[in-house]
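Going line by line, the protein sequences match chains A and B. Using our numbering, the letters of the first sequence map in sequence onto residues -16 to 99. Using our numbering, the letters of the second sequence map in sequence onto residues 55 to 167.
Any given hint might turn out to be false.
Here are the simulated distance ranges between beta carbons [stated by the list, open to error]: (1) A:F79 - B:K132: 23 to 31 Å; (2) A:Q24 - B:K124: 25 to 33 Å; (3) B:Q110 - A:E66: 32 to 40 Å.
Below, in silico cross-link-like pairs of lysine-lysine (DSS-like), each with a Cα-Cα straight-line distance of 30 Å or less [unchecked claim]: (4) B:K109 - B:K132; (5) B:K109 - B:K127; (6) B:K159 - A:K(-3); (7) A:K40 - A:K(-3); (8) A:K40 - A:K54; (9) B:K109 - B:K162; (10) B:K124 - B:K162; (11) A:K40 - B:K132; (12) B:K162 - B:K132; (13) B:K159 - B:K132; (14) A:K(-6) - B:K109; (15) B:K124 - A:K(-6); (16) B:K162 - B:K127; (17) B:K127 - B:K159; (18) B:K132 - A:K54.
If you are wondering where the hints come from, they were derived from the structure by calculation, not from laboratory data. Since the model is a prediction, treat every value here as computed from it, not as a measurement. Here a beta-carbon is modelled for each residue, glycine too, at the ideal position from N, C-alpha and C.
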Amino acid sequence: DTGVSQNPRHKITKRGQNVTFRCDPISEHNRLYWYRQTLGQGPEFLTYFQNEAQLEKSRLLSDRFSAERPKGSFSTLEIQRTEQGDSAMYLCASSFRVGTGVHEQFFGPGTRLTVL
Amino acid sequence: AQTVTQSQPEMSVQEAETVTLSCTYDTSESDYYLFWYKQPPSRQMILVIRQEAYKQQNATENRFSVNFQKAAKSFSLKISDSQLGDAAMYFCATGAGSYQLTFGKGTKLSVIP
């Protein structure tokens, strides 16, 4: 399977614990995005990378959230001191950008986080 | 800033019939793109169709077509000959520049056999 993969698919944690999610994009894609989707809502943008550089962060991304993309390959999203309000589906997407224009983003299956 | 509004939380259609999902948007960008994504239950989102705002011709993709009204900032999706596999959440989204997409809240489409 050459699509976007995310691990784990489900994560249950207790409030105050740290969690880390991983995203493996499609191999030739240079852009990687993180979104958060809560029940009954569409995905909301969190942050994106072009290669290894984090170029944009949403105001939704509080100081407890950090994302990395070492070497421009896979990415990790860490949430420290989780809160119940962090419970959501975390989606990763990737795209290949050449030149101008908005290119199709390919989404992974998501990681569903439940904070007890 | 960009906003996307989908006013129909749920829709249903008889198998083989046609259904139209509504979407309105607002953007301050002059060069932008519009998308419809499909999210089947417990499966990942996939792109259904995209439209470049600078193109007047409405995009089509097999049974899927859009009605893009730029002045009205409207971007509806028409699904013809509906199939059971079309049942899913459908999200309208807009993007400008080169990165983030802004999504609506989605429309849940049910297909009745």
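Taking the hints in turn, this is what the structure says about them:
1. Separated by about 29 Å at the C-beta atoms, F79 of chain A and K132 of chain B satisfy the suggested range of 23 to 31 Å.
2. Range check, Q24 of chain A to K124 of chain B: Cβ separation about 26 Å, and the 25 to 33 Å hint holds.
3. The hint said 32 to 40 Å for the Cβ distance between Q110 of chain B and E66 of chain A, and at roughly 47 Å that hint is violated.
4. Of the pairs offered as hints, the one joining K109 of chain B and K132 of chain B holds, with about 18 Å between alpha carbons and a cut-off of 30 Å not exceeded.
5. Note on K109 of chain B and K127 of chain B: the hinted pairing holds, with a Cα-Cα distance of about 14 Å set against a maximum of 30 Å.
6. As the CA atoms of K159 of chain B and K(-3) of chain A are separated by approximately 28 Å, the hinted pair is consistent with the 30 Å bound.
7. Proposed proximity of K40 of chain A and K(-3) of chain A is supported: the alpha carbons are some 26 Å apart, at most 30 Å.
8. Of the pairs offered as hints, the one joining K40 of chain A and K54 of chain A holds, with about 19 Å between alpha carbons and a cut-off of 30 Å not exceeded.
9. The suggested pairing of K109 of chain B with K162 of chain B holds, with an alpha-carbon distance near 28 Å, which does not exceed 30 Å.
10. Distance restraint check for K124 of chain B and K162 of chain B: the Cα-Cα separation of roughly 25 Å lies within the 30 Å cut-off, and the hinted pair is therefore satisfied.
11. Taken as a hint, the K40 of chain A and K132 of chain B pair is broken in the structure, with Cα atoms around 34 Å apart against an allowance of 30 Å.
12. Using a Cα cut-off of 30 Å, the hinted pair K162 of chain B and K132 of chain B holds, with the two alpha carbons roughly 14 Å apart.
13. Our distance criterion of 30 Å between C-alpha atoms is met by K159 of chain B and K132 of chain B, whose separation comes to about 18 Å.
14. With a C-alpha separation of about 43 Å, the suggested pairing of K(-6) of chain A with K109 of chain B is violated against the 30 Å cut-off.
15. A C-alpha spacing of about 42 Å is found between K124 of chain B and K(-6) of chain A, which places the hinted pair above 30 Å, so the restraint is violated.
16. Distance restraint check for K162 of chain B and K127 of chain B: the Cα-Cα separation of roughly 22 Å lies within the 30 Å cut-off, and the hinted pair is therefore satisfied.
17. Restraint check for K127 of chain B and K159 of chain B: satisfied, since their Cα atoms lie roughly 17 Å apart, inside the 30 Å limit.
18. A hinted pair counts as satisfied when its Cα atoms are at most 30 Å apart, and K132 of chain B with K54 of chain A does not qualify at roughly 42 Å.
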